[in-house]
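Chemist: Based on the hints, put chain B in the right spot on chain A.
Chain by chain, the residues:
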Amino acid sequence: MRNCAILLLLLLSQALYGQEPLARDFWLNESGAAVNVDAILQDTSGYLWVGADEGLYRFNGRAFTRLYDTVHSAITALAGGNGHIYAGFASGKVGIVNHDTLMPLAIKGPMPSTTIRHIYTGTNGLLWLCSEEGVFAVLNNISSVVNADSGLSDNFTYTLVAGNKNILVGTDQGINDVGIKNGKLHIGTYTSMQGLPDNIIKVIVPAYKPNVYWVGTQDGGLVQWNNGRFIKYPGAWPWGEINDIIAMPGNKAWVATVNGYLLDVHLDSSFHVVPCHLDGRKINGITLTQTGNIWCATNKGLTVVTAEYASGIKMPAPYSMDSLTSLTIDKQGNLWFAENSALYRLSLADTMHKPIRVPWGNERITCLYADSRNVLWIGTLGKGVWYIAPGKTAVQVKGIASLENGGILNITGADQYIWITGLNGVEKISYSEGIVTDEQHYNKLSGMAVTMCTSCTKITKTVSGWQPTGPVSLCMMAQGSITGMLRLALTAKLSIVWRKMHPVIYGPLPWIAGYTATMGAGGSISTGITA
Amino acid sequence: MPPYKFFFISCLLLCNIVSAQHIYEAGDGLVSFHSSAPHELIRASSGQLNCAIDVQKKQFAFRIDMRSFMGFNSPLQREHFNENYMESERYPEATFTGKIIEDNDLTRDGEYEVRAKGKMYIHGIAQERIIKAHVSTKNGKMSISAAFMVSLADHDIKIPRVVYDKLAPDISVTVKADLKPGK
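Chains as they are written, first to last, in our numbering: chain A, 1 to 531; chain B, 1001 to 1183.
Chain A extracted, bound-state conformation (with noise of 0.2 angstroms):
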């Protein structure tokens, strides 16, 4: 019976555990010693904004710049709005960021001497600021507070958002709905004799819906206010106090805590969570980039998570994502990768997370595409293009003379065809039927910049490809024809090419060169960067 619980414990804790998600740790000082981050936001520029114990700093995707400032104090809260950074410190004071400076804010009225714990930027210049003494709203530099004097529940603020006509508060003591009435101030608390599961409430966040919110408490996990009732986690949060909350489309939210769990939550008829443990970090603060990136500020520095993969699933022994060479996932939620030359089929709805080893030949693979009709295409070192239609067994693309026994380094789509490229250049194939017809070959002859191509993608509806042709060239076709060509020196801004190529559709990318593009399903660009 023993043995039983101890057993039942240990399958409890990993379960608790969490998935490692695909994370990335940056440094703001040279020695790498562990900077704890309070703050993190993005600004409209792209430009990420560090708030940390040692200062302000300003992240352009390459380089960390700390900003000189005058207070000395360490950073807890950032805000951005009205055209301005605010950074909210540890003593209590308030800065604004003028050009490469973060300046102190002169304000007349009262102010807090305790830490900011959150700023909200309203509306005609308002800045609210949350503190241990309650809450301070600061209009034209002049400040007014209001506090448990005034009738809020308790002094001690965390976070707040407001309404259209009203501010909600999170305090020790539950939720202020803070109001005006008949020309008074009115304040009405929730607390969990109203439904909340704690009253001490860290974060309010609203949800892509009118009147509803996500609220995280200290203890009591996270639940959803909508329109006056709380909709609470069931049964015990496992995964401790909630730091922030990110609230996303379709009733879904990135949820960060302080035991270092980073938490994919979709609220339907139930709640369902995604868990991603950030081992030995407590997370503070998280931002989601305009690439789709989270950006976990935490008491060891920062984390950058890859959304898309924090869902991702830990593979059992003996594979290891250091043997994969290659990935897809096809139209049926299958996930196709390859170790070697070993090809792999993982079902995603399959909860045992158990590969099935798919027979095919036995090159070494470079590079998988299922493309739309399910057809997995398969790229090889030495061996051309393979490719299996569903329910058959995999066939080499024979006839085709710059891919018979040529090294392939990516494939895709894009229409109806499928482009293969490679160290002969780049091939435009389409499919149908079990036949593979020959449509073009692009290599120097035809215009690229050079013959060896390592991959490209479709950017837009009138534009067929966009083709790194290695890392210091682009080409850009259209209409069947390479339209646009240009040479990017390794030290040249990619974000004055694409602007040049494109401007409405690139916007400024501040980092150095880029090695691969692809484009998210909402028409933004991803790049590949050196830095």
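Just so you know, not all the hints are guaranteed correct.
What the hints assert, rightly or not - Keeping only pairs whose Cα atoms sit at most 30 angstroms apart, straight-line, the calculated DSSO-like set for lysine-lysine is:
no., chain 1, residue 1, chain 2, residue 2
1, A, K300, B, K1119
2, A, K300, B, K1183
3, A, K232, B, K1141
Said to hold, decoys possible - Residues of chain A placed beyond 12 angstroms of chain B at every Cβ, according to the derived structure:
no., residue
4, D25
5, F26
6, I96
7, G109
8, G122
9, G183
10, D198
11, P249
12, K252
13, G280
14, L327
15, H441
It is worth saying that the hints were derived from the structure and are not from the lab. Computed from a predicted model, the values in this text were never measured in an experiment. Where is the CB? At the ideal position from N, CA and C, for every residue including glycine.
Modeler: Chain B only, in chain A's frame:
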């Protein structure tokens, strides 16, 4: 916490004693800690925890003299504790002051699970902590107990590289105290 601040809070709490019996206090609470590192187990305790709880205002203050910890494996270990890690000469006490979150009448007989929220000063560094505690009240006496972890890094307590395997980065602490109404 600076000593003057603790003194100030204690004074405030003591002032209330004059007017009402809603301050519970003890001067002999027990604080124990242990560090389970791969190569060494360090444990020590002190029976000199000072504590005061204002049950009306739901405020509390705890203080322990760092030099009062005894029971180390050896005198040398105690010396290292005071001189190298805690720097007890410079930071002679650890304090925890704040408020009780839950809205219970702790003077009534019963068992209560509460959260104590406040600033914990160890090694001169403050950390905001929320610590779960069990309170048992019977016949006018209040017993409290709590267990929590203290991260050395959070309080800027440096572990020399040579003793990495002898000192755990997180120390397990337990607190027990029997409090009586102030007279």
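Chemist: Decide, hint by hint, whether the structure agrees.
Modeler: Each hint tested on the structure:
A hinted pair counts as satisfied when its Cα atoms are at most 30 angstroms apart, and K300(A) with K1119(B) qualifies at roughly 21 angstroms. About 48 angstroms separates the Cα atoms of K300(A) and K1183(B), which puts this hinted pair outside 30 angstroms; it is violated. The hinted pair formed by K232(A) and K1141(B) fails the criterion: a straight-line CA distance of about 37 angstroms is larger than 30 angstroms. With a closest Cβ-Cβ approach of about 16 angstroms to chain B, D25(A) is found to remain outside the 12 angstroms limit, as its non-interface label requires.
The beta carbon of F26(A) is kept farther than 12 angstroms from every beta carbon of chain B, the shortest such distance being approximately 19 angstroms. Chain B leaves I96(A) outside its interface by the beta-carbon criterion, the shortest separation being 26 angstroms against a cut-off of 12 angstroms. With a minimum CB-CB distance of about 26 angstroms to chain B, G109(A) clears the 12 angstroms threshold, and the non-interface call stands. Look at G122(A): its CB is around 27 angstroms from the nearest CB on chain B, clear of 12 angstroms, so calling it non-interface holds up.
Every C-beta of chain B lies more than 12 angstroms from that of G183(A), the closest at about 31 angstroms, which supports listing it as non-interface. Here D198(A) does not stay apart from chain B, with its beta-carbon only about 9 angstroms from theirs, under the 12 angstroms limit. Every Cβ of chain B is farther than 12 angstroms from the Cβ of P249(A); the closest lies at roughly 33 angstroms, confirming the non-interface assignment. With a cut of 12 angstroms on Cβ distances, K252(A) stays outside the contact zone with chain B, its closest approach being about 28 angstroms.
Some Cβ of chain B comes within 12 angstroms of the Cβ of G280(A); the nearest lies about 9 angstroms off, and the non-interface call is violated. With a minimum CB-CB distance of about 37 angstroms to chain B, L327(A) clears the 12 angstroms threshold, and the non-interface call stands. No beta-carbon of chain B is positioned within 12 angstroms of the beta-carbon of H441(A); the least distance is around 60 angstroms.
In terms of the numbered hints stated before, the structure departs from hints 2, 3, 10 and 13, listed from lowest to highest.
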